[in-house]
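Visitor: Sequence:
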Amino acid sequence: MDSQLTQVRNVPDGLTQLLRWYADMGVDIALDEAPHDRLAEAQASASPIAREPERVIQREEPPRQPPASATPPRAASTAAFAEEAEQDARAAAASAQTLAELREQLLRFTGCGLKTTATQLVFGDGEAGAEIMFVGEAPGADEDRQGAPFVGRAGQLLNKMLASIGLERSQVYIANIVPWRPPGNRTPTPIETAACLPFIQRQIELVGPKILVCLGAPSAQTLLGSKDGIMRLRGRWFNYAAGNATIKAIAMLHPAYLLRQPAQKKLAWQDLRLLAREIVRLRAQI
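Taking our numbering, I'd label the letters of the sequence shown as residues 338 to 623.
These aren't lab readings, by the way, just hints derived from the structure by calculation.
Yeah, the Cβ is synthetic: ideal placement off N, Cα and C, and Gly gets one too.
Careful: at least some of the hints might be erroneous.
To be verified - Taking CB as the label site, the calculated pair distances span:
| # | residue 1 | residue 2 | range |
| --- | --- | --- | --- |
| 1 | G566 | A437 | 33 to 41 Å |
| 2 | A417 | A478 | 29 to 37 Å |
| 3 | L619 | N581 | 32 to 40 Å |
Let's have the full structure, built from the sequences with the hints guiding it.
Guide: Now the structure itself:
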């Protein structure tokens with residue numbers, strides 16, 4: 338800078354002093370005649386990521402939920418199917434005037450999906466007019482193969498229970514709430530039970546027993562309209578309305594349960610004695 342200043346001796350003193358002041362301040366480079374935007378040049382040399390404009394992140398709105406009072410389409414269609422199946426079952430059952438006709442109506446009935454997975458219909462065993470009717474929940478594997486209720490291990494125990502109070506299987510009528518075996522012997526769903534209920538109700542009317550025995554909690558709760566467990570229901574007498582008739586009804590432990598819990602056979606024996614006394618009483622009135 339000093340060498341440059343010595344070459345400009347003819348410049349005015351004010352300009353010389355200004356140049357010296359620039360030198361003292363550290364300005365040691367001449368500026369171009371055209372102005373430069375140094376900020377723009379710095380941004381141009383920066384990385385592409387730094388130059389990328391800020392993105393505005395838009396939050397996606399959550400899917401709208403149906404109103405709390407609205408019924409999901411699948412639930413609505415299931416409910417509609419179940420209601421239609423119950424109506425068809427009631428109409429079909431009411432049209433049957435004999436057990437044979439009721440069996441034919443069940444064979445034509447399509448409102449219960451268990452029909453498509455079972456081997457065959459398990460209708461009932463016995464004759465109309467039997468004094469005592471036993472009703473269980475649903476057939477098992479042996480019943481599904483043979484087409485008759487209570488023919489497996491539980492059925493063999495039931496035969497022994499009958500014999501203990503002087504009854505033979507041929508003297509009673511035996512059926513189930515659901516006449517088709519659920520896959521894997523699972524519990525029938527409420528929809529399946531509701532679809533089959535009109536048929537067992539009509540079956541009880543057509544058999545016309547004097548005593549109805551509900552075997553197990555599902556049978557007792559369905560036919561007697563109670564939510565109590567079997568331990569609270571057993572050993573008590575109820576009135577069951579069958580059309581215009583009223584039938585004495587009692588709940589007992591299911592033979593399949595007794596096979597799993599042999600210690601409970603003492604309770605079954607108590608209930609069998611109640612049943613035997615009622616049979617004696619009824620026969621004495623004849």
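Visitor: List, from low to high, the hint numbers that the structure doesn't satisfy.
Guide: 3
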